[in-house]
Structures are given as structure tokens and as C-alpha cells.
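For the record, the sequence lines run as chains A, B and C. Its first residue numbered 578, the first sequence is counted upward by one per residue in the working numbering. Its first residue numbered 14, the second sequence is counted upward by one per residue in the working numbering. Its first residue numbered -13, the third sequence is counted upward by one per residue in the working numbering.
Don't take each hint at face value.
Said to hold, decoys possible - Calculated cross-link-like contacts (lysine-lysine; reagent style DSS-like; alpha-carbon spacing at most 27 Å):
no. : chain 1 : residue 1 : chain 2 : residue 2
1   : C       : K401      : B       : K154
2   : B       : K169      : A       : K638
3   : A       : K641      : C       : K312
4   : A       : K865      : B       : K111
5   : B       : K111      : A       : K641
6   : C       : K327      : C       : K83
7   : B       : K154      : A       : K638
8   : C       : K327      : C       : K111
9   : B       : K169      : C       : K382
10  : C       : K111      : C       : K312
11  : C       : K44       : C       : K312
12  : C       : K401      : A       : K740
13  : B       : K111      : A       : K600
In case anyone wonders, no lab produced these hints; they're calculated from the structure.
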Amino acid sequence: MKRAASNATAGPVYKPRLSARAKRMRALEMFLGLILAVIVLAPVVWMLLSSVMLPVDLTAKPLKFIPDTLTFERYAQIFRSETSSDPAYVFRMALGNSLIVAVCVTLLSLVTGTMAAYAFAHVRFRGKGPLMMVILFTYMLPPAALIIPLYRIFTSLHWLDRKAPLIILYLSFIIPFIIWVMQDFFGSISRTFEEAAQVDGATRLQTLIHIFLPIARPGAIATGILAFLMSWDEFFYALIFTSSLNSKTMTIAIEEFNGKFTIDYGMISTAGILGSLIPVLITVIFQKYIVMGMTAGGVKE
Amino acid sequence: MRLRKGEERYAAGLLTPAMLIVFGVIIIPIITTFIYTLVNIDPLSSHQGEFAGLSFYIRTLRSSEFWADLGRTLHFTIASTALETILGLLIAVLLNQKFPGVAILRSIIIIPWAIPTVVNGSLWKLMLNGEYGVINAVLEKLHLISSYQSWLGNPKTAMWCIILADTWKMTPLAVIFFLAALQGIDQSIYEAARVDGAGALKSFFSITFPAVRPTMMVIIVMRTVEKFKAFDIFYLMTRGGPANSTKTLMYDTYLQAFTNLNFSEAATLAYLIALAVALLTLVYIRLMRREENA
Amino acid sequence: MKKSILMICSGLLAAAMCAAPVMAEDVTLTALFMKQAGYSEDDVNAMTAAFTESTGIKVEPTFVAYEELSPKILTSAATGGYDVILGDCIWPAQFAKAGLVLDVTDRVEALDLDDIYQGALDATKYEGRYYGMPWLNDVKYMFVNTELLAQAGIEEVPATWDELVADAQAVKEQGICEYPIVGCYAQAECLICDYTCIAGSFGGAFVDENNQPTLNSPENVAALDFMAQNLANGLCNPKSLEMIEDDVLSTFAAGNAVFAINWTYQYAAMNDESQSSVAGQGVITPIPGTDQAASATVNGGMPLMITAGSQHPDEAWEYMLFLASKEMQAKYCANALPIWKSLYTDEDVIATAGEEVVAASQVQFDYIVNRPMVPYYNELSVSMQSEIQKVLLGEKTAQEALDGLQATAEELAGK
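The shape of chain A in the complex, shown without the other chains (with noise of 0.2 Å):
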């Protein structure tokens, strides 16, 4: 697995000389990539461009790729709208309610499903796997099975329309989740270094936090990149349970642009923009342990 974390980083290392073939070869591997490249980019390409391109233009016929004018006022009104009815204020303020859920998701995830997930991998108990096929059904439930009992015990406790409830609703399908993944990865983790610990006389507690979650790391940051994304991402809950700018997530302010009489698509566009950049920064910074802890989590040895 080591092999493969640091090859996976390593850049290109290129031969001296290249045969004939070999050449025609790395051609063909760059027009390949080439494409690849391009079939990646340009939709993102696209959404940026039509989030600065005039509503006029967005819709003319023949359209213009590269349009005259460009307007940065979406963005403005974004950043700037300070009128709580304006979709633009209401998507900003979305936009954090989704980033404080997401952050505490992903922290209780962690520190939860990774212990659940260590007692499944290293520590001998009965019934472990009725309990864990259990956890693998709760996963794979749709969550339209539980939203009608589930809205009404929530307004029955006056948790409508808060982030706390939805934070505790979204951790109850992404700690599942992350059982299952890390479970398999902790299970890759060899038991040596922890029963030698033990036999120095160290707690199983100590032995887990000093021994385990170091080497456990990188699987614990990609599984948190997961937790993230998923609350990121999350809509039907957040369609039900959220109503206001208390709650209100971006995935909502979103499709709230694509309504009935409302559909503004540079407004969408933007927001997409906007709404894209956390997750894709997280992604693209840490994309090193998400390769190393994802794939060590799937693939046992």
C-alpha cells in the first residue's frame, strides 16, 4: 500500500531516449489525455462562462461562445445583497448554514463511526455481523421510508427548521456509511504494532489513540472528505426539514433557481460556481490521502 500512496504523487519520470514506437505511443497517450482533458473541463468551463454571460446572451440563437460582454453582477449580488427576500441573499446565507452542518457532520462522523468502526474491525464481540448487516440495511433505506414518522416526531419535539436536527438526521446515514468504509480499512491494518503496544503495558485506549489512529490517518481524512461531501450534497432531508434562512441549505437555494417561474440559469450558474468551490478545493488539496485511505479502505490485501 505504501508503494502505491507514494507512486501515486510521484510525477512522471521520462526515459532518456524513446524508440519510434515509444514516441508514437506517447502521442497517442497525449491525445488521449488531451481529450480526457477536455471532457472534464468543459462543462465547468461552461458554467463559468454562462454565470458571466448576459441572460440575452445565454439564450440567443445561434449562440455565441465567447459572448462580447461579460457581466460580473451575479456575483456582486451574491456577495453583496443585503435584502433577506433576494434568492441571492438567501443562497450566501444557505451557503454557510450548508458549510456549518457539513463541518459538524464530518467531525461527530469521524470521531463516531471511527470508533464504531475500530470495534468492528480489531475487538472480538457477539453478534457483529447481524449488527453490522444491520448498519449496511439503515444505509441502503431510502430516506423517503422514514420521512413521513420521522417529520413527525421532529415537529413534536419543535426541531423543524434547525440546523442541530438536520445535522443529527444527515449523521444518521453518513456514520453507516462510514462504518462500512472504514472498518474494511482498519481491518487492512496489521494488529502487530497494537499488541505490542499491550504487551508494554499500555491501555487499549492509549494503544488506539497513540498507536491506531496515526496510522489510521490518511483512511480517517479521506473518510472525512466523504462524511463532507455527502452533507454537502445531502437534498431530500434538507427539502423536508428546512424551510427558512435558519436552516435553508445551498443544495436547496439551488433548486430554488429552477423553479416553476423561476428558472434563471446564470443565477444557476453561479450559484453552481459557488457552491462547487468548497468541495472541489477540499478535493483537489487532499486528493493524495483521499487515493491513499479510499483504496486501502476498499481493497483488502
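Chain A is already provided as a structure; the job is to place chains B and C on it using the hints.
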């Protein structure tokens, strides 16, 4: 095996916080919803409040609508999972080569995966728009189509549009998985094969493929579960249309509950979806075990 | 013994406290509204502030997109998540039967009903009882790009579908517009709205006077055939099948359509230069007719309702009445036309709402058709949407599809 009791207590301590949150939230709703599948709670039905036994399950399984929904769900699930897996592997093989620019490619490939589903759905809907979508404009410019097409308004293409959008977003995940698996392969094996006169294709099938097989299984299981219960992208892009061509089981569950007020029917559908996913996962796990033992 | 006396005493005390008139100031209502259509969020907030000022009753309004209204109401109504809800006119029957909203017949009948448009009132009715207060008043109109029409040498806006088709043909043949007609025929409620208009103008109806389904009547079949025909011969934009209201608006606003059926809001939007390249070219007119009916439009009104779980129905009604009062409706008529007939002669109202809009509405309001006011309507609509699309795509004949829908409707009616 030492200190069994202590082990169990330790496990309980570690498990409690997670289990408290998960089961605290879902245990009552799970049971309540299960009761809904057995008792008619549809507020519009003249049989409201009556015990229905298994009749909701029987009625659902007998309706042709259910099987049509299931067919469309499988269409989406299988096609997009297959595309993501195959493309993911091919792209990973490409990115595992050494050529100028590959480092940049490796870091940008992840971008689509990080884009939220809601944004992805809206973005593709905008690009596929029949009246002024950029995809129509590009295809027309390349003379691949003679006039703008209604991709999302045509039952033959709508599902493929959603598959396209989903594949664009999720293939990078498969690429990352495969890339790491590929990098775990000892390069000297390829050298040896080459010395033995094996071609690129042969070494792909005899070395690469076996090495990435376990990864492939993981991707397939993970993605199948996710796709089977996909909702957001359908809600955003087509809402089941045109002519029901993108109405999946999940979307139908939503319609039954929130448009038709058939709560019991929706609960039954939701349980059937969970069962179907569980069944699929069991089959996969079996297959994986067999693979490991082999 | 002592204990029970104590209990009785505290019981009496509690009863006395309940019986004492609740001070209005103590009440805070919650209300659910729609974002970005009809009255704006600012309008509603201003009306609400005025209400709180005059009554002391506080209101917390929530605004969500149209698409979120129904899931929010269905999940919350039973538990009283909101006191006042804004609902689409196709929901009262379903909500009433499901026991989600309160019967307000006595309160409504105390009003001057002769001054309220019948269509608006009808939309809150189920089995002879009223379940809401009409508030947002809207119907669909025909919008015509007269500039493009003039280019084809046509000066007159068509009054019948035959004329419209002939005009569309001329426009198309002269290469002025590839697809002169555009409709919102996506798999959504908007398709049924358009079909209701067209079926109505062919003399058709989806239910009879007793609310029994009549989906496969010859008039309905003819209307659906007509819609499919326009698509088949390229007069109607084939992309209509992926369009909802706002797509129709943007197609019209981009100058890519001559004829479009849409709600009142298109009038302001198509004349707004920042989002329209046809500002000043379009007119709002009644939907064309046939020899069966001079015109027909669909009721798109949205009534206010009180949820069954509300703890403050009296205050809720007071609030609804205030919002729907002539004073408020006259003041904020720029974004939504009033429900009160007498306001249409008010000069300020005419000036604010727009002379052309008021004129068109005065004709169009006489031809309002309601979508079936039956509890199973929403489920029927879901089936209708996909079946009608199959006809429009040429996969089924209108007769086949409507026969099937008639059977579906009969089955749903007997549920």
C-alpha cells in the same frame, strides 16, 4: 480470546455513541414505516385505518407500473455503473502511463466528483436544453446534427442524458480507485511478460485485470447501492418524464407519497427498494467472498 | 383525598385559564407562502407587518419554491406545522378529504360572494363546502408576438384556433419562425394546464357536473389530436415536451415563438429588456376558441387555507381575510390581479396592473375552467401527464390514451 467480558465492554463503549445516533434517529421511523406497509393509512382511501396484511406488497408486485419502474431503475443503475467502471479503468490505465501533462490530468480528473449533485443536474440540464443548450450548439457546429434536438424531451434519449450526467460526475471516483490499485502492481511483472512476448492486450487481461478485480467489485457494490436509490438527479433533470421514461422506483415513491398521498403504497415501495438493494449487496458479497477464496 | 382536591382545583384553574379570552398579542401564527411568483416576498412581508400593526397578532411567514409547497404541507398539516398555508387550486379537494385543512364554509359565506370571481371561489370548494379563501388570482392567456406576425403580413391577432394555425403556417412557410407555437408540455402539471385550456376551447371538460370523469369525450379527443397534429407538422416546437412555464417564457422572450400560452407573469417578463429581446413586441390576449367555445382558460388561482392542526384558527382566518382584503389586493395588484370584481373598475388598479392585462383578464375571466375538483385529481394528473405525452410523441392515438385515462379515473374515483 482473552478477557472476553472486557472485550465486549470495550466494544460497547466504542459502539455506543454511533449506535445511539443512528438508531435513535431511525428506529422509530423504520418500525412506523413498516407498520404503514401493513395497515392502510392512505388518507384518501375509504379503507383508511384497516389492516391490510400483505396486500400492499401483493398489489405493488402485481402492478405493471412497478416492473416498468424497476426496469428503468435497473437501466439507469446497470448502464451508469458499467460505464463508470469501464471508463474508470481505461482512464486509470491511461493516467498510469508516463507522459507530459499526466500529473495535471491526475489532479483535475477529480473535479467533477467534487461538484454537488444538485449543481451537476442543473448544469447538464442547462447544457442539454433543446432550445439554447450549448451541447446542441456544439453538435450543430460540428455538423453532427442538422438542427437542435430535444434531448430531455425525447423518451429515447432522456434516460441516457441522466446517465451521461451521472457518469461524468462519478467516473473520477472509479478512476481514483483503479489508479491506486494499478500502482500497487509490480512493474517487473509487465517487463517479464513483455520478455515472454506478451502484447499490450494480453498483459492487460492477464496482469492488470486480475489485479484490479477486487477494486472493481468494491466500486460496483458501492455504486449500485447509491444509484438504485438515486433521487436528486431525476428530480432536478426530468421529474420522471418524458412519458415516464425516467420514472424510477425512487421517484415513484416520492410521487406516491407527496403527490398522490398514497402513504402506504409509498412505504411499501420504499421497503421493496431497500430489500432489492440488500439482496443485490448480498449477492455481491457472496461473489466477493468466492473471489477471495479462489 | 387531599391529593384529589388539589387535582380538581388545578383542573378548574386550568379550565378557567383556557376559557379566559386569549390575548391576541400572545398569538404567533406561522404561514407558508410561495417564493418568486404572484405577490413578492416583500409584498407579503409588508402586508403581514400591516396586519400585525392593526391586530397585534404576530405572523412568521416562510417562503418556499412552488415545488416545495406540497411536500411541506403534506408532511406538516396533520401536526400543525403551519397555521396558514398557500395552496394550488388543485389541492383543496385532496386536502379536505385527507382532513388536512379546516372547513371554512361559514366564514366564507359571510363574505360578499357576488363580488368575488366564481372561478376563484370554485377552486376552494369540495362537495359543496369551502376549504379556503381565494387569494392569488391567475389564469392563462395567449401571448402573441405581433411583430413577427406583421412580418408575415398578418395584422389581426387570431381569435380561433383555425385562424391561429393558418397564421402559424404562414409564419413558418415564410421562414420567419421555425416553430411558431410553443407550449409547456413537460411531464408536469403545466401540461395539464395547457391541455385544460385547449380542451376547454374545443368544448371539452374532464368531469361532468357531478364530478364524474368524462376524459374520453369526443371534444377532449379532438383537442388532444389537435395538439399532437401541431407537433407532427412542425407548427409547434418539438422541444415543448421538455418545457415548463419558464422555458416557454424564455423561448418567447428570445423571439423564437409567435404564440405561447402562459400565466399573467409572462406579460411583465417579456417586456423586461434585461431578459427579453422582444420587449414591446408581444400582446396579451384571450386564448382562441372554436365553434364549440369562444375561448377557455385554466384556473391557476391559489387559495389560502387553515391547517387542521392549527391552534389558532380564528387568528389564522383574520390574517387570511386581511391578506385578501380589497385594500391589500388593490395596493399590491402590480404582481397579482385581485379576486374582487369591483376592483377592476378602480382607476388606480387599472393603472398599476396594466391596462392591457386588465382588459384581457376581463374577457378571459368569463371562460375559466377548473381542473377536476376531486380528491384523486393529483394522482390522475400524474397518469394524464405521461399518457398525454405519449400521444404528443405519436406513440399512442388520442382515443387510446384517453380511453385508458378514463378507466384510470373511474378506478381512482371508486377508491
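Results for each hint:
{"no.": "1", "hint": "C:K401 with B:K154", "verdict": "54 Å, violated"}
{"no.": "2", "hint": "B:K169 with A:K638", "verdict": "25 Å, holds"}
{"no.": "3", "hint": "A:K641 with C:K312", "verdict": "49 Å, violated"}
{"no.": "4", "hint": "A:K865 with B:K111", "verdict": "18 Å, holds"}
{"no.": "5", "hint": "B:K111 with A:K641", "verdict": "37 Å, violated"}
{"no.": "6", "hint": "C:K327 with C:K83", "verdict": "30 Å, violated"}
{"no.": "7", "hint": "B:K154 with A:K638", "verdict": "12 Å, holds"}
{"no.": "8", "hint": "C:K327 with C:K111", "verdict": "19 Å, holds"}
{"no.": "9", "hint": "B:K169 with C:K382", "verdict": "15 Å, holds"}
{"no.": "10", "hint": "C:K111 with C:K312", "verdict": "21 Å, holds"}
{"no.": "11", "hint": "C:K44 with C:K312", "verdict": "21 Å, holds"}
{"no.": "12", "hint": "C:K401 with A:K740", "verdict": "40 Å, violated"}
{"no.": "13", "hint": "B:K111 with A:K600", "verdict": "12 Å, holds"}
In the structure shown, a violation is registered for the earlier hints numbered 1, 3, 5, 6 and 12, in ascending order.
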